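Participant: Based on these hints, arrange chain E on the given structure of chain X.
Those protein sequence lines, which keep their order, are chains X and E. Here my numbering is used: the first residue of the first sequence is 11, the next is one more, and so on. Here my numbering is used: the first residue of the second sequence is 320, the next is one more, and so on.
If you're looking for bench data, these hints aren't it; they were derived computationally from the structure. Among the hints, erroneous ones may be present.
Said to hold, decoys possible - Just a sample of chain X residues kept apart from chain E, beta carbon distances all over 10 Å, derived:
hint: 1; residue: L15
hint: 2; residue: P73
hint: 3; residue: L74
hint: 4; residue: G133
hint: 5; residue: I138
hint: 6; residue: I144
hint: 7; residue: G188
hint: 8; residue: Q194
hint: 9; residue: I262
hint: 10; residue: Y266
As the list claims (entries may be wrong) - Far from chain E by the CB rule (all over 12 Å, computed), these chain X residues:
hint: 11; residue: A18
hint: 12; residue: A78
hint: 13; residue: R135
hint: 14; residue: L158
hint: 15; residue: I186
hint: 16; residue: I247
hint: 17; residue: I251
What the hints assert, rightly or not - Here are some of the chain X residues that sit facing chain E, going by a computed Cβ distance under 8 Å:
hint: 18; residue: V46
hint: 19; residue: G111
hint: 20; residue: L113
hint: 21; residue: V274
Remember, it's a predicted structure, so these values are computed and weren't measured experimentally. Ideal Cβ placement from N, Cα and C applies to all residues, glycine included.
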Amino acid sequence: MDMFLLEAVINGLLLAGVLALLALGLNLIFGVIDVVWIAYADLVMCGMYAVYWLFAEYGWPLPLAFAAAIVGVAALGLLVHLLIIAPILTSAPINQLLATGGLLYFLQSFATLLFGTDFRNIGIRLPIIEIGGIYVSYARLLAFGVALMGAIALYLFLKRSYVGTAIRAIAQDREIVGLMGVDQRRIYLVTSAIGGALAGLGACLLALQYDVHPFIGNTFGPLIFMICVLGGLGNMIGGFIAAFIISQIIAIGGYYYSTELSYVLAFMLFIVLMFIRPQGIVSR
Amino acid sequence: MKENSVVVLVGLAILIALPLVTSAYFLHLAIQILLWGFVYTAWSMMGRFGLVSLGHGAFMGIGAYVPALLWNYYDMTPWLGIPLGVVLSALLGLVIGYPCFRLKVVGHYFALVTLALSQVVLLSIVAARDITGGSLGMTPRSIGHSWYALQFPDKIYFYAIAVIVWLLGLIVWRAIDQGIGREALEAISDDEEAAAAVGIDVTREKLRVTVISAALTALGGALFGQYLMYLNPESVSGIGVSLQIVFAAIAGGMYAMLGPTVGGLLTIALTEGLRVWFGASFVGAANSIYGILLILFVVFMPRGILGWFEPARGLRKVAMLFLSSRPTPAKAGGAPGPGNH
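Isolated chain E, as found in the complex:
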């Protein structure tokens, strides 16, 4: 435990010191890594339990558009607009999750339902082009530096916000990881019928992580909107975004607390690296590589990069979730204790 606290303190010190030593460009990258890391972390709260959503773009879209629209048309401060978007997104998670879990829509059927959900949100934003600007996107009305409008031309403010939100994501992730619900959710993803038979409320357990995940993803979307000051339906709700979330979470490793953040680091580094080396004409190169990597990760390394460094204690879950659809008897080694990541 002592070593862990040292690592945490050193990590925090680096995060605080970072803006003092880096240029605005790297700060911009750091903000993106932290915000995306936060969204990926939110996704993996569901993904690690076999609830693979291809529709997190829906939650990001609502989170981003609700505060921006309320700000532009009703002068409502994002301090109210963002919570509203988050609540709406959580409600959407509830409305779509409840029937899914009640009626046992699982696996790739669940993925397809969530994919359809993201299409509904995407196309609704495009269809409401009179107020959202349609596919051309929209810009929140800018009033310069303002706490009221949550607009800061200086990146340092958003860096601080991104760090706080990212830490919030990790705390929630850890709470789920160490909570009693985790065992229940793992049991559910191993064998739903058996879990229900021993008295686990399957619908309730799944709903809880879904609602949390949807709410946090909406918060991430909202902060992206505030930070970039530009919203576009494809870039918040498109299939590409949803797949990118899945890719990064899987690549980084969705079973480790920092895995999704590593995924964020990897994707941003790859995108920016290719852009700097090859120039803007090389558009699509980074995404082509993600695509190939996603295939390779799914085929060869479903536990992601951080999964490599983990001891074999998690193998049971992989076996359950990814290598075979049937439960295996390989439960040796005892139940994993909490808190030793």
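Isolated chain X (complex conformation):
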């Protein structure tokens, strides 16, 4: 196998980790609250700006900036639920999608207003590791590892804790859970905060690799959606698998053709799969 192709494959694999983490957050929200946050990637953008300002401009230590970004985006997730989703919880799904579409529009424009359209970098250059002639960026490796750990932590939380059990129960049957004495509104809030926190964690990992600008959400937001829908909206394991398929298409397509064409390929695959398997590639 071609060395450069192998490198592309490995980099795609590493990217998949972060995408899978974000898809997990979105899927959690969809599975539990049954809404599509189309502005999810823009919450990630907010987190990346938080890391940039706290670390690069105000000189906070990186771990502290990361923690603040995660907490901040989690709070943002809470606000999104309280201010936008809660009032229209029973409306048609398309309304919820449009309302969060308004949020997407707002966040991108407001970030442009506040920060301009400059590309900003937190200014950390992590080393590049060479393993047997293959060059892998340390930042990506780190991001992959942390994303994986985040996913495992979420899994354990959902499986082992009381709140996690309640969350899974709601995802399975909304009506019955209320009768079992679970406060749905509280669970929704917790879920939104966890979804936000995952976006914040994703933001920290992406801030290590990419420059932040107001429209960065547009570059991978549609990807995350595609991954969630491919895996079956609300299906976390499906989303996890889909993240790896999509990022391989992009990595290998990008190697043979160009990045844009590989995205075109991925989106076309998405459209076709929506027709033939709307429930996702992995059925529950």
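Facilitator: Then chain E, alone, in the frame of chain X:
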């Protein structure tokens, strides 16, 4: 009916008189309002029946780029290039619509498919940067005043074109509104299974409005390209454009004939107003406000501004489309008669 004709005549008189009394700047705004109003009207032909597309940027992009590319590389007049773009866009609408409607991809799944479609068009334009100029955009080759090239430095010509096209949009909107298909489409958006059960060809009805909407949107995109003489993938096909279309149509009111135009008026007035008051450094302010307004409209006023002034006759549809996903028994008041908007 008589009162209506008076209103129409007065409206037309104002449109004709407008260029005589306004400056070039206001004429520029009027052209934009009319062209955007036309595109929003085209979108609402689908949107009002529950077919919420987040991908109209795809149709605008094809409509704008096809004639511009044919003009720049093959000297083909836009008189041929624009119809070609419109036909291609309608075909795309057909190709994406048919499987969607056949396989019952509805609601937010439909929105996501169309969003992916606009991304496909956007990224294809960027990827073909050797001929389209990629993200930097492109300029149709300018040859000054020419009917052949559909290029007019004097704004009055485009104003006339914009008025005609906008009227065309309203006529089509009205034809759909008063046609037999409307009842069928409303039945479909209320309850697709029930509509199919009483013998409505769901796929066909949906396809018809989708193809019309795609074709008109492409025409709008083409005229924007000819008028502004600059094309950019993000500004014709980006997510922002698609969301702006949705916002304006909802804000103006997609159930009334002039609603989408009011949406155009509102968005242009807001953008220009903020730009004039606060200067160009305030870039993003108008869009931030749109974003918040879109949320507020969806939450509190899904029928839009014109929806406020409508009598309660349309409440049934709102109830069906927006307040609850289940059909409600509130069908009192009789079927709305055509033509009393």
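Participant: Give a verdict on every hint.
Facilitator: How the hints compare with the structure:
no., hint, result
1, L15, "holds, 20 Å"
2, P73, "holds, 32 Å"
3, L74, "holds, 29 Å"
4, G133, "holds, 25 Å"
5, I138, "holds, 28 Å"
6, I144, "holds, 27 Å"
7, G188, "holds, 19 Å"
8, Q194, "holds, 18 Å"
9, I262, "holds, 16 Å"
10, Y266, "holds, 13 Å"
11, A18, "holds, 18 Å"
12, A78, "holds, 24 Å"
13, R135, "holds, 26 Å"
14, L158, "holds, 27 Å"
15, I186, "holds, 20 Å"
16, I247, "holds, 20 Å"
17, I251, "holds, 19 Å"
18, V46, "holds, 6 Å"
19, G111, "holds, 5 Å"
20, L113, "holds, 6 Å"
21, V274, "holds, 5 Å"
Every hint from the earlier list agrees with this structure, and none is contradicted.
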